[in-house]
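Assemble the complex: chain V is given as a structure, and chain L must be docked to it using the hints.
Quick mapping for you: the protein sequence lines, in order, are chains V and L. The opening position of the first sequence corresponds to residue 1 in this note's numbering, with each subsequent residue numbered one higher. The opening position of the second sequence corresponds to residue 1 in this note's numbering, with each subsequent residue numbered one higher.
To be clear, the hints were calculated from the coordinates, so they are not data collected in a lab. Each hint should be verified, as a subset may be incorrect.
A pair holds if it fits inside one copy or across any two, identical chains being indistinguishable in the list.
[Stated by the list, open to error] Below, a list of computed lysine to any residue pairs in the SDA-like style, where the Cα atoms sit at most 25 Å apart:
{"#": "1", "residue 1": "268", "residue 2": "329"}
{"#": "2", "residue 1": "275", "residue 2": "374"}
{"#": "3", "residue 1": "198", "residue 2": "39"}
{"#": "4", "residue 1": "352", "residue 2": "249"}
{"#": "5", "residue 1": "352", "residue 2": "288"}
{"#": "6", "residue 1": "353", "residue 2": "11"}
{"#": "7", "residue 1": "295", "residue 2": "394"}
There are 2 protein chains.
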Amino acid sequence: MNFQYHGGFLVKIIGIVSEYNPFHNGHLYQVQKSIQDLNADGVVAVMSGNFVQRGFPAIFNKWIRAEMAIRGGVNLVIELPTYFATSSAEQFAKGAVELLDATGVVDHLSFGSEYDDLSTLKQIAELLVSPTEPFQEMLSSTLKLGLSFPSARAAAIHHALPELQSKLDMNQSNVILGVEYLKALLQLNSEIQPHLVKRQGNAYHDPSLNSPYVSATAIRRAYFEDAKLLSEGEWMPNAIREIMLNTTAHANRIEHFEDMILYAIRSKTTEGLSKIRDVNEGLENKILSAAIRAKDYKSLVDQIKSKRYTMTRINRILMGILLQIEDEQYAFSDHAYFRILAFDETGKRIIKKMKKSTDVPILTNINKFRNVIDSNPLLQLDIRATDIYHLTQRDKNGGLDYLKRPFDLDSFK
Amino acid sequence: MNFQYHGGFLVKIIGIVSEYNPFHNGHLYQVQKSIQDLNADGVVAVMSGNFVQRGFPAIFNKWIRAEMAIRGGVNLVIELPTYFATSSAEQFAKGAVELLDATGVVDHLSFGSEYDDLSTLKQIAELLVSPTEPFQEMLSSTLKLGLSFPSARAAAIHHALPELQSKLDMNQSNVILGVEYLKALLQLNSEIQPHLVKRQGNAYHDPSLNSPYVSATAIRRAYFEDAKLLSEGEWMPNAIREIMLNTTAHANRIEHFEDMILYAIRSKTTEGLSKIRDVNEGLENKILSAAIRAKDYKSLVDQIKSKRYTMTRINRILMGILLQIEDEQYAFSDHAYFRILAFDETGKRIIKKMKKSTDVPILTNINKFRNVIDSNPLLQLDIRATDIYHLTQRDKNGGLDYLKRPFDLDSFK
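The shape of chain V in the complex, shown without the other chains:
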């Protein structure tokens, strides 16, 4: 990457919130376009760890995916704590933005969206932060009619902002996330400036493989079907494709955890289940009786699903059960830490700059921070998540958070 060093100083740093599951050309485009648009000196990615926001395991663990990001032009990868990474879009965005803000070095938050009118997204974010009367009335009326919360909210937004183009689909996950980033920036009163990069090529869930911009979903599907398909498509930079083709890691998917999830539910009482995040209002009974009838993950979700609980929400709730995420409200600011997963030379300089601008512990080797671990439920959850994630791997190796050092691109030069 040819950064402009502004006389040796890191003047402009971009933050990106990501999952890189896996890193592909769309991600590469976003990194390069953001740098170009903003004339930036460095890119920090906050990335989900071993489990992602859809309530599923990532295809590869956080270290492998962080290396991909560095090889794709990101300079520093910091883990988004599992607690936020597996949360609703609102909590996910809030945790990630708070983390970027707390670094004290990020100037711009760049995000991708199918809808590229930033001022409209800002208007929506402002509406949601300070709801108007027409919005609130329409929201409560449509909820009463039985609409799901996302649909009711979308209807209320269009009602309150009639000038919105009807083509703005509030159900698109990247639109929702974009609005949530903007909301979080507003609520934090952050100095970070949002920057929008129009998403290239195929939409999030588009299964098509005939494009330089194939979605992560389609890439994962192709890879599970036949890893060799990767060699045929030009879906990601070569160095990243090589990682995927040569890794000894066993690509992960939710089905590998179905026995553990069924076990986790069957071994609990309804009282125990109701201690898990977002399990309430009798959902514990429904989950328990579904787990007794279900023989796999799919039939489990099918039996819990209802108008009220969307599939993604159920996936996230089941992930909460798998990872034992208790029903506590955590804010990043109360339990802040930067878990460094990977960096290059510029990334190292960003870390140095962070050390001057923040008191939050920067963890490159968690063994040196036993006191932080002991008192930090979010970091404990990250460690637990890694140990559970690797139960599906050949050696079932646990404790990797204590053993792995961040990926350092220089050590490979």
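Coordinates of chain L only, in the frame set by chain V:
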């Protein structure tokens, strides 16, 4: 079986404590010899449910094994609650004897032992219930020297009762259990009379297959190696062998649960682990760090094992983790119920007699006893244990405790 009906009444009923894992010729001999010795009218077996005292799953579920028992001449099979079935020998025996006593219809407790001098075993039981000074001094001195509790106790017994034959090996599991039954009878001040049947043929763990009395351990091993070996040996009555050869059930072993056990540990904090039965004195830390390094059940146990914690004790503790058995002391009398698993015509008459002699609920269909389930942690544990046990089966069918009715031999005539 040609019982003597004493003019139509069930005058003499024998109780047996069992696991029948699986039922074999040694068990058949014990049933027939007890009936003959005591001129009895019926046999009630209290049998472990889906998990047995060594801390392992039974090879087949409780309904299949209960049917075997009926086909082997037992008249009524009642489940020993999982809480006791997976306990130390002392708690196992105490729970089982209290259950038999509470039926109000059992006159004799018959048990098998390699050592057939009942009066000596009684002497030992009395010593353990009311320890003498020489016994206590030797026990505490040998414990101080670092002997394990079972060895120290054996040494102290021989010291306090010098007339004991040196050939009495207090480490033999059937000797230990026999003494524990006698202790429990004494402590209960029960009217049930103990009856000892000398064990035939091979010892408990003897792997030999060349005998009409092959041990259950050897039968399981042979069956796992090649189910056809069963057809070649005459190890059990034909009808029972047919059950084993024709069942669609997937024979269970602890290795089938190793991922669930590793998951159960890795998903817990040390605080959560220390809430499990018998996990204390820092064992929680040892278990957690072993589970992070271990990749299978064997390596898990190997890493926890120590002079202080024997392998069987660790197996039982890990079973407590798998089944979420919390560290609470329960007595059968406080949560009593008779869970009926199987019966024949005589068994039905025994149940009728029990109804006149006990207020304890007799459960043949637990759906009719929702109030008992809701208030009874032991019954809840049995149901949970069944749901977890069947996760290794093809359909992973849960809720069988609500669906299965007791095996009734008459319905097959």
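Cross-check of the supplied hints:
no.	hint	result
1	268 x 329	both (22 Å within a copy, 19 Å between copies)
2	275 x 374	both (21 Å within a copy, 19 Å between copies)
3	198 x 39	within (17 Å within a copy, 90 Å between copies)
4	352 x 249	neither (32 Å within a copy, 61 Å between copies)
5	352 x 288	neither (49 Å within a copy, 36 Å between copies)
6	353 x 11	within (10 Å within a copy, 89 Å between copies)
7	295 x 394	both (24 Å within a copy, 8 Å between copies)
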